[in-house]
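**Q** Sequence:
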Amino acid sequence: MTEQPKVRTPEEIEALKKEWLANPIWDIEDIEGFEAHYEELKAYHDQVRAERNEKHRQSEQMRIEKIMLATGMGYGDRETLLSLRTFAEIEDQVSVQDRYIGNVSNQHEIIHLELMQAQV
Numbered sequence: 027m028t029e030q031p032k033v034r035t036p037e038e039i040e041a042l043k044k045e046w047l048a049n050p051i052w053d054i055e056d057i058e059g060f061e062a063h064y065e066e067l068k069a070y071h072d073q074v075r076a077e078r079n080e081k082h083r084q085s086e087q088m089r090i091e092k093i094m095l096a097t098g099m100g101y102g103d104r105e106t107l108l109s110l111r112t113f114a115e116i117e118d119q120v121s122v123q124d125r126y127i128g129n130v131s132n133q134h135e136i137i138h139l140e141l142m143q144a145q146v
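Oh and the sequence shown: position 44 is 70 in my numbering, straight run, nothing missing.
Some hints here could point you the wrong way.
[As the list claims (entries may be wrong)] FRET-style restraints, in silico, Cβ to Cβ:
1. 75 to 144: 26 to 34 Å
2. 139 to 77: 39 to 47 Å
3. 51 to 140: 50 to 58 Å
4. 49 to 140: 21 to 29 Å
5. 84 to 61: 31 to 39 Å
6. 139 to 73: 25 to 33 Å
7. 97 to 44: 35 to 43 Å
8. 101 to 68: 31 to 39 Å
9. 117 to 29: 54 to 62 Å
10. 56 to 79: 19 to 27 Å
11. 140 to 102: 51 to 59 Å
12. 135 to 30: 48 to 56 Å
The set of hints was computed from the structure by calculation and includes no laboratory data. For glycine and all other residues, C-beta sits at the position ideal for the given N, C-alpha and C.
Work out the full structure: start from the sequences and follow the hints.
**A** Shown next as structure tokens:
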């Protein structure tokens, strides 16, 4: 006899969706224990993917328009326009990298200190 998939509460489903949105690298519809909700979760996954794709497309279009305005280039090769960066974008990327490197460095110092204290 085969077991029927467990029906989850709306709260459990919402909690799963919230967790998945924070890190959507797995297929929410395939999560063990939620088999009874496959169709609902698959539709949700597809909806979120479509929304993110549209947001990404709009963001790219805004970048293209900004680059065209800054460079005086016409609407030529989409990939070329998307590969160009403004000074502000480059500065933002450098700032993000600096923060990341600083965070990693701080973590390294904390770990080193904890190891030193553990040896005492």
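**Q** Now tell me, hint by hint, if it's right for this structure.
**A** Consistency of the hints with the structure:
1. At about 45 Å, the beta-carbon gap between residue 75 and residue 144 misses the expected band of 26 to 34 Å.
2. Remark: the range hint 39 to 47 Å for residue 139 to residue 77 is upheld by a beta-carbon distance near 44 Å.
3. The hinted window of 50 to 58 Å between residue 51 and residue 140 is violated, with their beta carbons roughly 30 Å apart.
4. The beta-carbon spacing between residue 49 and residue 140, approximately 27 Å, falls within the hinted interval of 21 to 29 Å.
5. For the hinted restraint 31 to 39 Å between residue 84 and residue 61, the CB-CB distance of approximately 35 Å keeps it satisfied.
6. The hint said 25 to 33 Å for the Cβ distance between residue 139 and residue 73, and at roughly 46 Å that hint is violated.
7. The given range of 35 to 43 Å is respected by residue 97 and residue 44, whose C-beta atoms sit roughly 42 Å from each other.
8. Taken as a hint, the range 31 to 39 Å holds for the pair residue 101 and residue 68, whose Cβ atoms sit roughly 37 Å apart.
9. Remark: the range hint 54 to 62 Å for residue 117 to residue 29 is upheld by a beta-carbon distance near 57 Å.
10. The supplied range of 19 to 27 Å is met by residue 56 and residue 79, whose beta-carbon atoms lie about 20 Å from each other.
11. Between residue 140 and residue 102, the C-beta spacing of about 54 Å keeps the proposed range 51 to 59 Å intact.
12. Look at residue 135 against residue 30: about 54 Å separates their beta carbons, and that is inside 48 to 56 Å.
Hint compliance for this structure: hints 1, 3, 6 are not met, and every other hint is.
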